[in-house]
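**Q** Based on the sequences and whatever the hints tell you, model everything.
Protein chains in written order, with this note's numbering: chain A, 74 to 287; chain B, 74 to 287.
Hints were generated in silico from the structure; no laboratory data involved.
Watch out, some of these pointers could steer you wrong.
One copy or any two copies: either way a pair holds, since identical chains are not told apart in the list.
[To be verified] Derived lysine-lysine pairs resembling DSS-like cross-links, with alpha carbons at most 30 Å apart: (1) K200 <-> K226; (2) K132 <-> K200; (3) K132 <-> K89; (4) K201 <-> K226; (5) K110 <-> K226; (6) K226 <-> K132; (7) K226 <-> K89; (8) K110 <-> K201; (9) K89 <-> K200; (10) K132 <-> K201; (11) K110 <-> K200; (12) K89 <-> K110; (13) K201 <-> K89; (14) K132 <-> K110.
There are 2 protein chains.
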Amino acid sequence: MSTAGNTQQTEGPRSKRAVIIATAIDRFGEAGFEHTKWAAIAEDVGIGQTALYHYFESKAHCLLTIMRLELSDSVERFSAATEPAPDSTRALSAAVASAYEASPRDALQRRILHNHMDLLATPRHSKKEEEERILCCALVHEIEHNWTGLVQKGMDDGVFRVTDALLTARMLLALVGGAWRWYRPGGEITLDEITEVTAEAAGRLVDSDDVGAS
Amino acid sequence: MSTAGNTQQTEGPRSKRAVIIATAIDRFGEAGFEHTKWAAIAEDVGIGQTALYHYFESKAHCLLTIMRLELSDSVERFSAATEPAPDSTRALSAAVASAYEASPRDALQRRILHNHMDLLATPRHSKKEEEERILCCALVHEIEHNWTGLVQKGMDDGVFRVTDALLTARMLLALVGGAWRWYRPGGEITLDEITEVTAEAAGRLVDSDDVGAS
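**A** Here you go:
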């Protein structure tokens, strides 16, 4: 859902970009990026490899695009969730909840993102890949900045009794993102359960009295 | 230090295995696994590619071995740190501290491990790679089991006021491991600072009264 919204902005009605991305998310998420053959995606979508290269010049270009779309969605979800919140404690709960609003494909997309963050550390040789990587880095920075702002506001309001907004934000992001390593749609633990437990833990992490309010 | 100890157990005095691993850690950690040419490691070590293949049949085999050694060290560090601790709160602080006892090369090795955990999700085609992957999976399970046991003991003692030992352990592991994403030796924040902030946060996460004791 979120992916389609983001990808079709600059594409015509006959574009196969959204379906390629959705297919790649399924393949990378299930078999792993390394084990997925680029040709298999063309086959799944029902296009030739030449047509596929019209959209993405490499498997890594497609992966970086998937990561950038997810990061961009994450920024939007955070704003939509936290802006209406009446106070910092509820903003934090809402931010955590927004991270776990996910269809099964969104969950795969977030796992792919978290599993390949190391790709962002080193420049790409290809220009298109490098463009996506730079966008990703800027979005990662924006996400960290936004969460730091949320923590700082709670500190300023005297509600969060921590002393380092940036380090606390990084710990919250690690806490929230960590679940994508082990969460599986249809598994023993649901996203609702993860949301509840993580929101409460996030409240304790910022040393807020009013833990888990939503 | 930890790597050499682990790698030389089954190797003769003339073995180049430890130096290959140390070189690979430096290369994978700095330039990234994908960007590192396998031939460059042979060159750094001063051996031919044929000699290199005597030790590791592929770059991925070397990576998985580095990951397995780090996971194995992690299990040992956890036991050494937590066994002498007089109570659950101090065991938790000691466990966190043990995770950040690291030389600059250890820090690289842990970043490599955390950045490539997704490799463990899917079977390897090569027998040697698959052997290392299965060992890694067992160690990951053991680490999760050990941290869950620590949390459960604190719950049983009435010191940790959380309700789900496994989910809490996973959150603690995400919290502790998250720092390897952004920590850089010589950067603004030292491992001692990370240890202090994370140990305190871990104490709050398990809802322990006696936070940060050590």
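**Q** Indicate, hint by hint, whether the structure satisfies it.
**A** Each hint, compared with the structure:
| no. | hint | in the structure |
| --- | --- | --- |
| 1 | K200 <-> K226 | neither (39 Å within a copy, 53 Å between copies) |
| 2 | K132 <-> K200 | both (14 Å within a copy, 26 Å between copies) |
| 3 | K132 <-> K89 | within (16 Å within a copy, 35 Å between copies) |
| 4 | K201 <-> K226 | neither (38 Å within a copy, 52 Å between copies) |
| 5 | K110 <-> K226 | neither (46 Å within a copy, 46 Å between copies) |
| 6 | K226 <-> K132 | neither (41 Å within a copy, 46 Å between copies) |
| 7 | K226 <-> K89 | neither (43 Å within a copy, 54 Å between copies) |
| 8 | K110 <-> K201 | both (20 Å within a copy, 22 Å between copies) |
| 9 | K89 <-> K200 | within (22 Å within a copy, 38 Å between copies) |
| 10 | K132 <-> K201 | both (12 Å within a copy, 26 Å between copies) |
| 11 | K110 <-> K200 | both (22 Å within a copy, 21 Å between copies) |
| 12 | K89 <-> K110 | within (18 Å within a copy, 35 Å between copies) |
| 13 | K201 <-> K89 | within (18 Å within a copy, 40 Å between copies) |
| 14 | K132 <-> K110 | both (8 Å within a copy, 19 Å between copies) |
Taken one by one, the earlier hints fail for this structure at numbers 1, 4, 5, 6, 7, listed in ascending order.
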